[in-house]
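J.: What follows is the residue order along each chain.
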Amino acid sequence: MLGLRAIIKSAILVFITLGILACGSEPEIKNDYSYIKHLPAKAHDAYARGDGILLFSFRKNIQDSEAYADWAEYLNNFNSTSNSDIVISKASKGFITSLNITSPEFSIFLKKGQQSYFYDGLIVEPQVYTAVYRKYSGEDLSNIDRSFLPQTFCQSQLSSLVLTKNCVED
Amino acid sequence: MGWKNTRKSPPKYLVKDLQEDLKSVGVFISTANGVFGPKTEKALKLFQWVCAKMTHCLKDKKHYSRVKTTKILIDGSLNLDTYNELTQWIKDKKEVTGDLIRISFSDLSNIEASPNFKKISSAKVFKSELVISKSAKKLISDINNKAKNESVTIKVNQAFREKSVKLTGAVVTPAKKSQHLVGHAIDCNIVDGDNWNNSTSFKNKKETEGAKKLITALKKQDYRWGGDFTPIDSPDFDLKLDHTTFSYEAKFFLNQRMISLNHEIRKEKI
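So the protein sequences, as listed, match chains A and B. The first sequence maps to residues 1 to 170 in this note's numbering. The second sequence maps to residues 1 to 270 in this note's numbering.
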């Protein structure tokens with residue numbers, strides 16, 4: 001009788017332990033870099049060279065909005081002042097589909113070996129570009145810069161756009 | 001349209017001469033060809049708008065105060081009032097200009113240039129000054145006063161914006177219409193203590209109390225806040241000038257021309 005009780009107790013303990021372990025473990029993330037093949041040629045080359053790239057998307061029917069006006073102004077200014085250190089390009093449909101991005105307007109910053117950033121919506125503050133540029137250039141970031149950095153994510157997790165903090169790619 | 005007999009008719013006036021005169025005062029930018037087409041009509045309407053609405057023009061390249069000609073019709077046709085006004089402008093060697101003004105940041109207790117603030121290209125403007133339409137001067141004054149009340153600081157990224165002429169470095173098409181292009185808007189962040197209220201703060205509803213109160217106070221004064229726009233543009237405050245109106249078109253032409261021709265820009269205090 002005592003032996004049976006001990007066996008049941010052990011079985012319950014094992015069951016609970018396994019349950020805790022199952023709940024606490026991360027779901028398996030598949031390292032899927034297939035989106036790379038959807039990068040526009042110049043962005044692909046830049047990425048391969050180790051340069052930073054910025055991919056953006058927007059709907060054409062917002063071109064009369066104030067947000068579009070501000071976004072276009074600051075993006076063009078950034079492009080003319082970033083000395084080609086960051087290659088800027090429109091994200092292809094294939095790229096958006098491969099990542100299952102549903103936001104109509106977004107920006108993605110990628111650089112090999114660096115944190116990647118996803119900005120949901122139109123960037124209407126030039127400080128966002130400055131912060132990422134400084135980060136990718138290895139400069140020290142001020143507290144203000146840090147407050148403007150977009151959300152980070154792992155490129156290996158791009159297929160599901162799982163946004164995680166402090167993820168640095170190999 | 002054009003040579004319409006509205007009110008009293010003007011004396012004989014060759015279209016080519018009219019075009020040359022409109023060119024002299026700065027509203028006709030095409031080649032005088034002697035044909036009264038849409039460009040001549042628009043130039044005439046622009047001149048009439050300036051006569052009716054503007055309190056300044058240029059005389060010998062300097063700002064010159066003038067009294068508005070309220071009786072003038074803004075319809076693009078040549079009538080006696082317009083003729084008289086135009087001949088007087090030619091005689092006085094006057095030229096149209098915009099209503100942009102310079103305001104020194106040092107005159108503003110709670111408004112500063114952000115580290116990303118970019119001076120406009122005009123040599124008449126200093127790095128320490130923001131440029132805005134005279135009509136939107138009160139917007140700046142009200143933002144400054146409300147910011148003072150809430151003990152917050154406004155960090156300006158941009159106010160008046162130059163229309164991109166040469167698209168070197170442009171990756172996307174610049175907007176054709178914006179309140180910034182007429183000098184009626186300001187892009188800024190509300191800094192409350194050490195907190196920079198930026199787009200992410202508003203998106204995550206983590207803006208500070210000071211920022212909330214400032215926005216509420218400004219909206220009560222009928223200014224627009226970009227956080228209410230679609231798509232959202234939370235750093236933006238403006239005094240709306242409907243971009244479908246001729247007033248917008250006129251102001252756009254005059255203020256952009258004011259910068260491209262390096263006109264004098266008056267400095268004003270708040």
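Treat each hint with caution, since some may be false.
[Stated by the list, open to error] In silico DSSO-like cross-links for lysine-lysine, where the CA-CA straight-line distance does not exceed 27 Å:
hint	chain 1	residue 1	chain 2	residue 2
1	A	60	B	240
2	B	163	B	205
3	B	71	B	23
4	B	203	A	60
5	A	60	A	112
6	B	39	A	90
7	B	119	B	62
8	B	134	B	269
9	B	148	B	203
10	B	119	B	42
11	A	90	B	163
12	A	60	B	148
13	A	90	B	134
14	A	60	B	177
15	B	269	B	138
16	B	176	B	163
17	A	90	B	177
18	A	60	A	90
19	B	176	A	60
20	B	71	B	118
21	B	203	A	90
[Claimed, not checked] Okay, the calculated bits of chain B under chain A, using three or more residues with CB under 8 Å as the criterion:
hint	segment
22	34 to 44
23	112 to 120
[Unchecked claim] To list a few chain B residues with every Cβ distance to chain A over 10 Å, as calculated:
hint	residue
24	161
25	171
26	216
Just so you know, these hints were derived from the structure itself, not from any lab. What you are looking at is a predicted structure, and each value in this text was computed from that prediction instead of being measured. All C-beta atoms in this analysis are idealised placements derived from N, C-alpha and C, irrespective of residue type, glycine included.
J.: Against each hint, give a clear statement of whether it holds in the structure.
T.: Okay, the hints, checked on the actual structure:
1. A/60 / B/240: With Cα atoms ~23 Å apart, residue 60 of chain A and residue 240 of chain B stay inside 27 Å; holds.
2. B/163 / B/205: 33 Å, violated
3. B/71 / B/23: 23 Å, holds
4. B/203 / A/60: 23 Å, holds
5. A/60 / A/112: Distance of about 31 Å is beyond 27 Å: violated.
6. B/39 / A/90: 37 Å, violated
7. B/119 / B/62: Satisfied, since the Cα-Cα distance of roughly 22 Å is no more than 27 Å.
8. B/134 / B/269: OK: residue 134 of chain B and residue 269 of chain B at ~11 Å, within 27 Å.
9. B/148 / B/203: 25 Å, holds
10. B/119 / B/42: 32 Å, violated
11. A/90 / B/163: 22 Å, holds
12. A/60 / B/148: 39 Å, violated
13. A/90 / B/134: 38 Å, violated
14. A/60 / B/177: Holds, at roughly 14 Å.
15. B/269 / B/138: 11 Å, holds
16. B/176 / B/163: 8 Å, holds
17. A/90 / B/177: 22 Å, holds
18. A/60 / A/90: 12 Å, holds
19. B/176 / A/60: The hint holds at about 13 Å.
20. B/71 / B/118: 41 Å, violated
21. B/203 / A/90: Within the cut-off at roughly 24 Å; holds.
22. 34 to 44: violated (count 0)
23. 112 to 120: As far as the segment 112 to 120 of chain B goes, the hint holds, because 4 residues have Cβ atoms under 8 Å from chain A.
24. 161: Violated: least Cβ distance 6 Å, not greater than 10 Å.
25. 171: Its Cβ does come within 10 Å of chain A, the nearest being 5 Å, so this is violated.
26. 216: 20 Å, holds
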